[in-house]
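Visitor: Sequence:
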Amino acid sequence: PQVVQVFEVDTYQGSAGVPVPYLAMELLEGGSLARRLRAGPLGPREAAGLIEGVGRAVHAAHLQGVVHRDLKPGNILFP
Numbered sequence: 001p002q003v004v005q006v007f008e009v010d011t012y013q014g015s016a017g018v019p020v021p022y023l024a025m026e027l028l029e030g031g032s033l034a035r036r037l038r039a040g041p042l043g044p045r046e047a048a049g050l051i052e053g054v055g056r057a058v059h060a061a062h063l064q065g066v067v068h069r070d071l072k073p074g075n076i077l078f079p
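Each residue of the sequence shown is one higher than the one before, counting from 1 in my numbering.
Hint data in this document are derived by calculation from the structure and do not stem from the laboratory.
Beta carbons: idealized from backbone N, C-alpha and C, even for Gly.
A hint or two may mislead.
What the hints assert, rightly or not - Computed cross-link-like contacts, SDA-like style, restricted to lysine to any residue with a CA-CA straight-line distance of at most 25 Å: (1) Lys72 to Gly49; (2) Lys72 to Gln13; (3) Lys72 to Ala60; (4) Lys72 to Val20; (5) Lys72 to Val18.
To be verified - The calculated label-pair distances, taken between Cβ atoms and stated as ranges, are: (6) Thr11 to Gly65: 16 to 22 Å; (7) Gly40 to Asn75: 27 to 33 Å; (8) Pro41 to Gly65: 16 to 22 Å; (9) Ala24 to Gly74: 16 to 22 Å; (10) Leu71 to Val20: 21 to 27 Å; (11) Arg56 to Ala16: 18 to 24 Å; (12) Pro19 to Arg56: 19 to 25 Å; (13) Gly43 to Pro21: 34 to 40 Å; (14) Ala48 to Thr11: 37 to 43 Å; (15) Leu63 to Met25: 37 to 43 Å; (16) Val67 to Val18: 20 to 26 Å; (17) Phe7 to Arg35: 35 to 41 Å.
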């Protein structure tokens, strides 16, 4: 739970034959935390719940050997 499903990780041949990495993941249509924050700050309970969920998700990923190196509001997505 709370971790986006990745369907494929691969590369394709970009311009001049340079390989370009990509990943295909499930579509989450709820937008990002960055988008939600444009409307103003979250309330304390909502923010605490969100941080708990993100923390659990990152921990679960780390247990599987996955390190998220770009954790920012634009990369926290909602279903």
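Visitor: Work down the list of hints and note, for each, if the structure agrees.
Guide: Here is how each hint holds up against the structure:
Among the hinted pairs, lysine 72 with glycine 49 is consistent with the structure: their alpha-carbon atoms are about 17 Å apart, no more than 25 Å. Distance hint between lysine 72 and glutamine 13 is unfulfilled; the C-alpha atoms sit about 29 Å from each other, more than 25 Å. Taking the CA atoms of lysine 72 and alanine 60, the gap is near 18 Å; set against the 25 Å cutoff, the hint holds. For the proposed pair lysine 72 and valine 20, the alpha carbon gap of about 23 Å is at most 25 Å, so the pair holds.
The straight-line distance between the Cα atoms of lysine 72 and valine 18 is roughly 28 Å, outside the 25 Å bound, and the hint therefore fails. The supplied range of 16 to 22 Å is met by threonine 11 and glycine 65, whose beta-carbon atoms lie about 20 Å from each other. Under the hint 27 to 33 Å, the C-beta atoms of glycine 40 and asparagine 75, about 20 Å apart, miss the expected range. Between proline 41 and glycine 65 the CB atoms are about 34 Å apart, so this pair departs from the stated range of 16 to 22 Å.
The given range of 16 to 22 Å is respected by alanine 24 and glycine 74, whose C-beta atoms sit roughly 19 Å from each other. Take leucine 71 and valine 20: their Cβ atoms lie about 23 Å apart, and the range 21 to 27 Å holds. Take arginine 56 and alanine 16: their Cβ atoms lie about 43 Å apart, and the range 18 to 24 Å is violated. At roughly 34 Å, the beta carbons of proline 19 and arginine 56 sit outside the given window of 19 to 25 Å.
Look at glycine 43 against proline 21: about 38 Å separates their beta carbons, and that is inside 34 to 40 Å. Judged by the Cβ atoms, the range 37 to 43 Å given for alanine 48 and threonine 11 holds: they are separated by roughly 40 Å. Judged by the Cβ atoms, the range 37 to 43 Å given for leucine 63 and methionine 25 is violated: they are separated by roughly 19 Å. About 25 Å separates the C-beta atoms of valine 67 and valine 18, a value consistent with the hinted range of 20 to 26 Å.
Evaluation of the 35 to 41 Å hint for phenylalanine 7 and arginine 35 yields a failure: the beta carbon distance comes to about 23 Å.
When each numbered hint is compared with the structure, violations occur for hints 2, 5, 7, 8, 11, 12, 15 and 17.
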